[in-house]
Amino acid sequence: MKTLLKNPTVVIGLILLVLVCVLFNPIIFGGKTFGSPDSLMPKSVGMALNKLAEETDELPQWQPWVFSGMPSAEAFTHISKLYFPDYLFTVFFVPGMIIQLLHLLFAGIGGFLLLRHFKCSKWAAGLGATAFMITPYMVTMVVFGHGSQMMTAAYIPWILWLTVRLWQKPTFWNVGWLALLLGFQLQRAHAQIAYYTWMLIGAYSLLVLINGFRFVEERPNLGKGFGFFIFACL
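Everything in the sequence shown is counted per full-length UniProt numbering, starting at 1 for the first residue and increasing by one.
It is worth saying that the hints were derived from the structure and are not from the lab.
Keep in mind that the hints are not guaranteed to be accurate.
Okay, derived cross-link-like pairs now, DMTMM-like style, lysine to aspartate or glutamate, Cα gap no bigger than 25 Å in a straight line [what the hints assert, rightly or not]:
{"#": "1", "residue 1": "K81", "residue 2": "E54"}
{"#": "2", "residue 1": "K51", "residue 2": "D86"}
{"#": "3", "residue 1": "K169", "residue 2": "E217"}
{"#": "4", "residue 1": "K81", "residue 2": "E58"}
Label-pair distances were calculated between CB atoms; the ranges are [stated by the list, open to error]:
{"#": "5", "residue 1": "K81", "residue 2": "R219", "range": "43 to 51 Å"}
{"#": "6", "residue 1": "H117", "residue 2": "E217", "range": "19 to 27 Å"}
{"#": "7", "residue 1": "P95", "residue 2": "L206", "range": "39 to 47 Å"}
{"#": "8", "residue 1": "I210", "residue 2": "L19", "range": "34 to 42 Å"}
Glycine included, each C-beta is placed from N, C-alpha and C at the ideal position.
Make a model of the complete structure from these sequences and hints.
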């Protein structure tokens, strides 16, 4: 236990966890929910579709409440069933709102690891991670019923961190983790945020390639790094 408490990532993770518990205390411990229309409407729609699924033993293929009717898959209905980590949460009976808050914590820890990789001090990285985790954009996505958007955005610092690591040290370990998280982010199914993430890591990779051609000392791992990066994206 003492060894864990000496790990800066564990300490910052605990601080971020306490912060989430304080900020969302009525939701976590009070059994309350957000009253915004985009939070309540999916719940009512979900109740109707789940009731029909129980009666027919199959998921409804048509969603009549979105744009005067859409196929369920294209309307992003039951989207969590396409997200592999959700099966782990289901095993432990984790409620949907708690899953969102865990992703918020996940975003903060990712921000800390990214900033530490860029040689920021522990406290500076912790402050940056906190700022990213509780930035109004992230919090309002939870409050106003856009949880998939926030959960997709939670992968951004992790994916950027692993992309930087992959270019600096092209190993199967790094390419495997990058590919896994890229896949999870796409499964979380907010195409706009995933698109921005790929633009970010694409721009970084382009910068690395340009510097690699300009500076001889950075060329040895250039081809291997590029190949591994493309492999992870595929």
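| request: Give me the numbers of the hints this structure contradicts, sorted from smallest to largest. | output: none
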